[in-house]
Structures are given as structure tokens and as C-alpha cells.
Amino acid sequence: MTDMFTLIHAEKATHSVELMTRLLDVSRAGYYSWVKRGDTPGPAATRRAEVTAAVIDSHTASNGVNGHRRVRADLTADGVPASEGMVRSIMRQAGIAGIQPRTKKRTTIPADDAEQRPDLVKRDFTSDTPGTKLVGDITYLRTGKGWLFLATVIDLHSRMVVGWAMAEHMRTELISAALRMAHTHGHLAPGAIFHSDRGSQYTSADYAAVASQLGVQLSVGRTGSCHDNAVAESWFSMLKNEMYHRHRFATRAQARLHVMQYIEVFYNRRRRHSTLDYQTPAAVHAAHQPQTAAAA
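Heads up, the sequence shown is in the UniProt record's numbering, so the first residue is 1 and it goes up one at a time.
Hints are computed from structural coordinates only; laboratory data are not their basis.
Some hints could be false.
Straight-line Cα separation of at most 35 Å, DSBU-like style, residue types lysine-lysine; simulated pairs [unchecked claim]:
#, residue 1, residue 2
1, 145, 240
2, 122, 240
3, 36, 12
If you anchor each label on the Cβ, the simulated ranges turn out as follows [what the hints assert, rightly or not]:
#, residue 1, residue 2, range
4, 269, 81, 21 to 27 Å
5, 245, 27, 36 to 42 Å
6, 27, 78, 27 to 33 Å
7, 50, 140, 40 to 46 Å
The beta carbon of each residue, even a glycine, is placed where N, CA and C say it ideally should be.
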């Protein structure tokens, strides 16, 4: 109870005591009695209460997704210094935690001519320039009205999802739509490499024609090796852990809306990425634009 009162005391200049006691389910009279007894916190306790409020705000804003590292990155960006250990301790005490990854099952169906396509990436999932090296894959989401399939195009420079498409099927048109979206929004540099697994859609003649039209080089990993397309694979695991497995979708339309919000509102613009030094994909992408404009 003392921890709750300390938090209220630290935040009373920002929020009313009445509101905070109601939200925290503690007695307002009990809080005032605590203050009257002179049990108000010293500087260290007040400081911890302020950090606690910031931690809870970050975790809530991420819809419960952020773990202690991303929460700490949020705090640092907001000018609230706190050690990783302090943030972890506060989250444990508050009973909150981030979402942990699950294992993804492979569903790739190789095409007859899959071996003819080269691997131009060779597990080097880095890129110094946006739009030059991208990866993608297909996954499926169950709804009350049947399966919904999702295809992605992810830029390896910023890890931003720059192209995506959803449909009731997983034909070549689905992955073509995702690649065309990336091209339409200016996210494909001339001669860009797009890497995928050896699924029949990605190794089809129709998809090769679309890629050629857009000036894209196709690259594929080995059959059955998830490590050869690890970024695309792990992105789907993240989507399912942080959003999909936390909901039940009665219709495909509901699933479409949640996927779109996850990609465009949360992941691209708000989710801090560990491989990006805990920046968001949008921030990394935007940081490169002035350099590109200056070079031009």
C-alpha cells in the first residue's frame, strides 16, 4: 500500500488524487492519513515513484508488448534516466512484463525449379542504404470465417515493413501486391534485392515477371532452412506473439484491421527495435532521408 501512496504523492501535481486512488483501487482517506502521519517519501522513494509512473506509461502505450529494454529506451528518449536493473525491478514489482517470442512452424512448399534461383543475401541481413536489400514471406491467420494470408516486404536497413498485402488465398498475386506496394511508395531502389524462401509463389515465373518489371533482383534461401530468411520468419513470430495470439477474430475484416494497425501504427512508428539500438524503424528510415536528399 505504501508503494501506491508514494506513486500518488509523486504524481499529484499531474493527476488528481481522486482519480489516482480510484484507478489504483486504494482509499483516498487512507492516502490522506498516510500524508498526515508524515510518512511521505524521501528523495529516493519519490524518484522511484516517478520512474514507476513512466515505466507504466511506456508499457501501457505499447499495449503490454514492451519488455524492460524497450521500456528503458522509451524512458531515455523522454529524458527519464533509469538503469536497466531499476526498470526490470519496477516491472517485476508492478506485475508487468513484455511479450516473449514463440517458435514458428515451417510451411514452405518448394517449386520444381527452385534450385535455379541464387541466394544473393547469404544470411547477411544488414544494409547501409534503404531500399537496396529487402526480405519477405507469407503467413496465415485463422479467423472465424476462414484463413487470412499476409505477405510482407521488410527493408533490412530500417527493418520497416514497406510493403504488405492480405487476401483469402496465397497465390502469386498476394506477394506481387506486397512488392508493388513497396515500389509505389518509393521503397525500392534500382536493382534492389528481394530475398525470400523457396516457396512456389516466390519461385514462380509470374513473380519473376513482376520483379523484372519493377527492377528487382530475386534471391532465395535453401529449402527448409528458416535461418536463410530469419528476419522475415522472426517478424511473423513477433506479429503473432504481440498481437494475433492475444485476440480472437470473428471475421477476416477484423483481422485485417488489427494487422494494419499493428504494422502502420505500432510496429513501424512506435516499436523500438533491438537491432536498431532501440530506435523505431520509422526513425531510422527518416534519419537517412536528409543524407539522401543532400547527396542528390
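Hints violated by the structure (listed by number, smallest first): The structure conflicts with no hint, since it agrees with every one listed earlier.
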